[in-house]
Each structure stands twice: as structure tokens, then as C-alpha cells.
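There are 2 protein chains.
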Amino acid sequence: MTILVVGSVAFDTIETPAERREQILGGAANYFSLAASFFSPVQLVAVVGDDFPQEHLDLLQGRGVDLTGLQRVPGKTFHWSGRYGENCNERETLATDLNVYADFRPTLPLAYRAARYVFLANIHPELQLEVLDQVEAPTFVAADTMNLWIDTSLDTLKKVLGRVDALLLNEGEARQIGGTCNLLEAGRAIAAMGPKTVVIKLGEYGAIILQGEARRFVPAFPLSEVVDPTGAGDTFGGGFLGYIARAGSTAPESLHRAAAVGSVLGSFVCQDFGIDRLKSLTEAEIEARFDALTRYAGYDPAPLFA
Amino acid sequence: MTILVVGSVAFDTIETPAERREQILGGAANYFSLAASFFSPVQLVAVVGDDFPQEHLDLLQGRGVDLTGLQRVPGKTFHWSGRYGENCNERETLATDLNVYADFRPTLPLAYRAARYVFLANIHPELQLEVLDQVEAPTFVAADTMNLWIDTSLDTLKKVLGRVDALLLNEGEARQIGGTCNLLEAGRAIAAMGPKTVVIKLGEYGAIILQGEARRFVPAFPLSEVVDPTGAGDTFGGGFLGYIARAGSTAPESLHRAAAVGSVLGSFVCQDFGIDRLKSLTEAEIEARFDALTRYAGYDPAPLFA
Numbered sequence: 000m001t002i003l004v005v006g007s008v009a010f011d012t013i014e015t016p017a018e019r020r021e022q023i024l025g026g027a028a029n030y031f032s033l034a035a036s037f038f039s040p041v042q043l044v045a046v047v048g049d050d051f052p053q054e055h056l057d058l059l060q061g062r063g064v065d066l067t068g069l070q071r072v073p074g075k076t077f078h079w080s081g082r083y084g085e086n087c088n089e090r091e092t093l094a095t096d097l098n099v100y101a102d103f104r105p106t107l108p109l110a111y112r113a114a115r116y117v118f119l120a121n122i123h124p125e126l127q128l129e130v131l132d133q134v135e136a137p138t139f140v141a142a143d144t145m146n147l148w149i150d151t152s153l154d155t156l157k158k159v160l161g162r163v164d165a166l167l168l169n170e171g172e173a174r175q176i177g178g179t180c181n182l183l184e185a186g187r188a189i190a191a192m193g194p195k196t197v198v199i200k201l202g203e204y205g206a207i208i209l210q211g212e213a214r215r216f217v218p219a220f221p222l223s224e225v226v227d228p229t230g231a232g233d234t235f236g237g238g239f240l241g242y243i244a245r246a247g248s249t250a251p252e253s254l255h256r257a258a259a260v261g262s263v264l265g266s267f268v269c270q271d272f273g274i275d276r277l278k279s280l281t282e283a284e285i286e287a288r289f290d291a292l293t294r295y296a297g298y299d300p301a302p303l304f305a
Numbered sequence: 000m001t002i003l004v005v006g007s008v009a010f011d012t013i014e015t016p017a018e019r020r021e022q023i024l025g026g027a028a029n030y031f032s033l034a035a036s037f038f039s040p041v042q043l044v045a046v047v048g049d050d051f052p053q054e055h056l057d058l059l060q061g062r063g064v065d066l067t068g069l070q071r072v073p074g075k076t077f078h079w080s081g082r083y084g085e086n087c088n089e090r091e092t093l094a095t096d097l098n099v100y101a102d103f104r105p106t107l108p109l110a111y112r113a114a115r116y117v118f119l120a121n122i123h124p125e126l127q128l129e130v131l132d133q134v135e136a137p138t139f140v141a142a143d144t145m146n147l148w149i150d151t152s153l154d155t156l157k158k159v160l161g162r163v164d165a166l167l168l169n170e171g172e173a174r175q176i177g178g179t180c181n182l183l184e185a186g187r188a189i190a191a192m193g194p195k196t197v198v199i200k201l202g203e204y205g206a207i208i209l210q211g212e213a214r215r216f217v218p219a220f221p222l223s224e225v226v227d228p229t230g231a232g233d234t235f236g237g238g239f240l241g242y243i244a245r246a247g248s249t250a251p252e253s254l255h256r257a258a259a260v261g262s263v264l265g266s267f268v269c270q271d272f273g274i275d276r277l278k279s280l281t282e283a284e285i286e287a288r289f290d291a292l293t294r295y296a297g298y299d300p301a302p303l304f305a
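First to last, the sequence lines map onto chains R and X. The numbers in numbering that gives the first Met the number 0 rise by one with no breaks, and the one at position 143 of the first sequence is 142. The numbers in numbering that gives the first Met the number 0 rise by one with no breaks, and the one at position 45 of the second sequence is 44.
With the rest of the complex left out, here is chain R:
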């Protein structure tokens, strides 16, 4: 089943202790689309400037991403720049140049409006609402957000929450929206605002999936080297929703597998700069790492005191 995603396609400039890369392909919707494309066709809604090279479009189309909804307008593409310190992937944002995103209004091509699976990547909640207004009868809508919108547009964000099935967010954001340190309680508070499913991403530790009283955990796949963690959360989201759309199920067990797929995809993307590792990634590699993650996470459930 096809997934509709709305969010940023961007240029990233990334500095790690080892290396610096300028103006590489980035953006939440881009990471999401490439990851999801291993499981489901993707329809992308985004905007780029006239400086955006054809090769990036070819890459997305080559992975089966429908670009009918990608606007190309005069001006510069959204640019984000960040630096990772020596101190355990601590990240500093150096620049966020919205450029063509400053005036972006998402417009869904007619063919997109029947979308059953929808991902609202991290854009202004007002725009997330505009997308929801254009989708006819979605089966499962998931959204991401960030501290900026929680700080500046909480009321609008709450309107989004009232209309989505799932919220994906990191633990700091979950504590901020939920108003408590305790992640279960934060998840419960968020669920009360609308989304029946809350996925709390814990970065290098993994993710917690909350769905009513069902709770599941998926660890991050352990890597002996993280080259560049940029986009890992969005890639997780792409694997997660991609698997859900393919499986056609949102039962707790399916969401758990979906989060494991997200964890696997997110781990691959950390092993090279930007989206580079996704370019060569194969189904066989995904399957092998999923198996390894199963062994990593799953212990013998036989009784203890028998």
C-alpha cells in the first residue's frame, strides 16, 4: 500500500570529528521516503529550489518514489547545517536556512488524495493540518514533531494530535508534551490528546511503542562505528511506516515488528554520511540485520522457577 509523506527535502552540511560534507542530500521526508521505499511505494510532497540537482530526483525516482507532488520553485533549497562534537554524538545546529520552505504550502496532486497511509514529517503543525484537510479517508496517519513547535505552536500541534493515529517523537519531546519525566505517563498523556499509538524514540538506546495498554520495546541495533547519525530518526520512521503499509496491520505485534524494521533502517543510515548507505542497501542486508536484531533482543521465555 502506498504511503504519502509530507516534509522537508533539503541540503545538509554536516561536520563530524572526522570529516565535513557540504550541501549533501538531506531532509526528513527524503530520509523517510528512501527508507520506506524498501517496503512500499511512496508519494512525496515537498518543495525544492531551482538549485536542486536532477541526480537527487533520479535517486528518489529510482527507488520508486512518486515525485508528482514535489514542487520546484525559483530560489534556494532548504539548508541545514550541523556539527557533531567528540562528546558522544552531541549535536549543534549551526544554521537553518528555510529558503523555499518559508512560503511552502503543501498541495496534494489529485492522485495522492486517496492515500491510506500518511506520514506528516516534522513541518509546522499548520501545514500538517493542511495536508490532513486534503486527504480523503486515510487508514493510518502518523506524525512527527519537534521542540520548536511544542514551544511556539502547541495549540495547533494539539489539533494535529487530535487527528492522527500515531505520534513519533523523541524522549525529550515526549516529556515536554506529556508534562512528566516518566515516559509511560508522558505517553499516556499524549495518547489522551488523540494518537492511539505513541512511539518514543530513544536514539542509541532504541524505541518504546505504546498503544493503549500494549507496550513494546525495540533496541537500537548496536554499531561499532557511527559515521553520521543525521536522519536516523526519520529513517526509523520510514522503516516503521513502510512496514506497516506493507503488512496492512496495526496490531501491537505488527507495530513491534515495524519498529524493529525502523531500528534496522536507522542503524544502516548511521554507517555513512547522509543517505549514502541507503543507496547500496539491499533487502538481503535488511533481512540479515533484522534477524540479528531478533537475536539481540529476544531471550528464552521459558519459566524461571520451573
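Since the hints were derived computationally from the structure, they do not count as laboratory data. One or more of the hints may lead you astray.
Stated by the list, open to error - Estimated spans, in silico, between C-beta atoms of each pair:
| id | chain 1 | residue 1 | chain 2 | residue 2 | range |
| --- | --- | --- | --- | --- | --- |
| 1 | R | 18 | X | 250 | 53 to 61 Å |
| 2 | X | 149 | R | 146 | 30 to 38 Å |
| 3 | R | 20 | X | 16 | 55 to 63 Å |
| 4 | R | 49 | X | 149 | 34 to 42 Å |
| 5 | X | 74 | R | 146 | 48 to 56 Å |
| 6 | R | 162 | X | 54 | 42 to 50 Å |
| 7 | X | 304 | R | 61 | 49 to 57 Å |
| 8 | R | 275 | X | 290 | 23 to 31 Å |
| 9 | R | 147 | X | 157 | 42 to 50 Å |
| 10 | X | 40 | R | 223 | 47 to 55 Å |
| 11 | X | 304 | R | 223 | 43 to 51 Å |
| 12 | X | 16 | R | 138 | 37 to 45 Å |
| 13 | R | 283 | X | 60 | 54 to 62 Å |
Stated by the list, open to error - Output of the computed footprint for chain X on chain R, the stretches with three or more beta carbons under 8 Å from beta carbons of chain X:
| id | region |
| --- | --- |
| 14 | 109-119 |
| 15 | 146-153 |
| 16 | 177-183 |
| 17 | 202-210 |
| 18 | 229-241 |
C-beta atoms are modelled at their ideal positions from N, C-alpha and C, and glycine is treated no differently.
Please arrange chain X on chain R, whose structure you already have, making use of the hints.
Leaving out everything else, chain X in the frame of chain R:
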């Protein structure tokens, strides 16, 4: 199989945002012993002052803990005092009064020297070595440590590492000893110093168990309220080693189950002050939570792309 444990038995004064408790039963070896006692008999080596009440000794003996090796000397019992802030269990140590531990030399009763399973709780590495000198032919020795000994007595600590099978430590300590942010690499560096098994405790996230190239993850059991996290790491250790001694196996799958048991015990202890929750804990409750943790952690390993 009996476990020998050497470490602190103490009085703790604990302040949480909700409540303050003075001079309650604490200490790493105490938490460890009570947790391990659900799975194996325990022999305890520690020291208390003449202010230590009989009821605490009765509690330990009631759980099958052998106190032949517990010295009772004139003076005051070791006292630790700490405060948890509103900010997500951030802990501040207010006082560490060594008292009778200042002159403590561990002396093993003859009957303890044949111990097969040994846990060296977090005491000075010099004392950990003295214990090892008195044990005849242990099967599996695990040790804990802390940043204080890493900072002040690294050479002695390395001698300990050269003589133990497993090291249990938290992620900050792992990064400090291993000299790298990356936990897999830190674990590898620590293993190269001696212990074939390295257990990195991640607090509210869980624990990573490394044993050569075998890697396993156990999540922390999610709680909707943490009353007092004091001793959770030592309780984890007690469940971990208690299960290993009972199972008589240190294969990767056994260590994984053992860590899950540690996670279960560690979660219980957080649900009340000090060791209070362990007093009423039953095998049936442990078994039920172990089952719940299995569901929380284990997803369907069937192929993704079949």
C-alpha cells in the same frame, strides 16, 4: 549453587521530591543479596557497626542469606545520603560516611572459600583483590566498580579486571574505562583487560550484555511510577548473578535470561523505598513480570520480505 558477595551493608538517607526516609537499610551487597536470594543461597561478607539493628539481620537471614562473614564491630555503620531532584531521577550525593568501612578488611570464613560464584560489589579494588586471594577455585566471578576507583585506582582496578569473568558497570563508567563513546568499542576495550563478559547497565533504558562477539539487549521494565531508584543497579546484579548460579550456565542465552531477571528485580525495587518492595516480593510476581518483559521485548522473527 551458592553465591559469595562482598560489599557494603549500610544505612541510607534518601530524599525524593515526594518523601524523605532516614537511616533505612541500604548498601550494594544488601540489595544484591536480597535479589539473588530468590534464586540461590547467598554468603555475605561485609561489616556493620554496633548501631546495626537485629531486625535487618533477621530480614537477610530470613531470605536465606548466610551472615557468618558479616563482621559486627564497634562504631557506626556506613551511611550514604542522597537526594533525587524533580528532574527525571537526577541524583545528588549529600554524604558518604564510610565509618566502619574505613578499616574494613574482608575475611572469608573457611566455609566461604570454596565459593563457585562470586560477586565483588563496588568496594575498593584493593579489597576486591583480597577477596579473590581467599577464594579457592571460583567458576564465575563478576565485579562492579564506580567512577571513584576509575579516577583514583585504575591500576589496581585493572588487576581486578584481569582476574574476573564479568564486569557490571554503567554506561558512563564503560566509556571512561574503555576510552570511547561507542559502547560496543568500550566493551571490547574492557574485555581486552580481562572480563570475557561485560554488562553495561543503561538505567531506565536497560542493559547490554557483551560476551565476545555475542551481544544481547534487555530493556528496563517500564514503570509508570518510580518511587526510589536507589539500589536498582545492585538489585539488577543480584538477579543477574542469582539466575546464573541457579542455571549453572554462562552461555549467551543464559546470560541474556539472567539479565532479564536482573531487569525484573531492578524494576521491583524502584517501586518502593529502599528494599521495601523486595520484602513482600514472591516468585509468582517475578515470573509474571518476566513473562511481561518477554512480550515487551520480543517481536516476531518471521522473515520480512517473504
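Please verify the coverage claim for the region 109-119 of chain R: does it have three or more residues whose C-beta sits within 8 Å of some C-beta in chain X? n = 0 at 8 Å, threshold three: violated.
So does residue 283 of chain R sit 54 to 62 Å from residue 60 of chain X, Cβ to Cβ? holds (58 Å)
Is 47 to 55 Å right for how far apart the beta carbons of residue 40 of chain X and residue 223 of chain R are? violated (39 Å)
If I claimed the Cβ atoms of residue 304 of chain X and residue 223 of chain R lie 43 to 51 Å apart, would that claim hold in this structure? Violated, at about 26 Å.
Per the hint of 42 to 50 Å, is the separation of the Cβ atoms of residue 162 of chain R and residue 54 of chain X within bounds? Given a distance of about 58 Å, which is not inside 42 to 50 Å, the answer is violated.
Just to be sure I understand the hint, the distance between the Cβ atoms of residue 20 of chain R and residue 16 of chain X should be within 55 to 63 Å; is that true here? violated (45 Å)
8 Å C-beta test of the region 202-210 of chain R against chain X, three or more residues: holds (count 4)
Using the Cβ atoms, figure out if residue 18 of chain R sits within 53 to 61 Å of residue 250 of chain X. At 41 Å between Cβs, range violated.
So does residue 74 of chain X sit 48 to 56 Å from residue 146 of chain R, Cβ to Cβ? With a Cβ separation near 52 Å, residue 74 of chain X and residue 146 of chain R satisfy 48 to 56 Å, so the hint holds.
Look at the Cβ atoms of residue 49 of chain R and residue 149 of chain X and judge whether their distance stays inside 34 to 42 Å. violated (56 Å)
Can the region 146-153 of chain R be counted as covered by chain X under the rule of three residues or more with Cβ-Cβ separation shorter than 8 Å? violated (count 0)
The region 229-241 of chain R covered by chain X? Criterion: 3 or more residues, Cβ-Cβ distance below 8 Å. Check failed, 0 qualifying residues.
Of the numbered hints listed earlier, those contradicted by the structure are 1, 3, 4, 6, 7, 8, 10, 11, 14, 15, 18.
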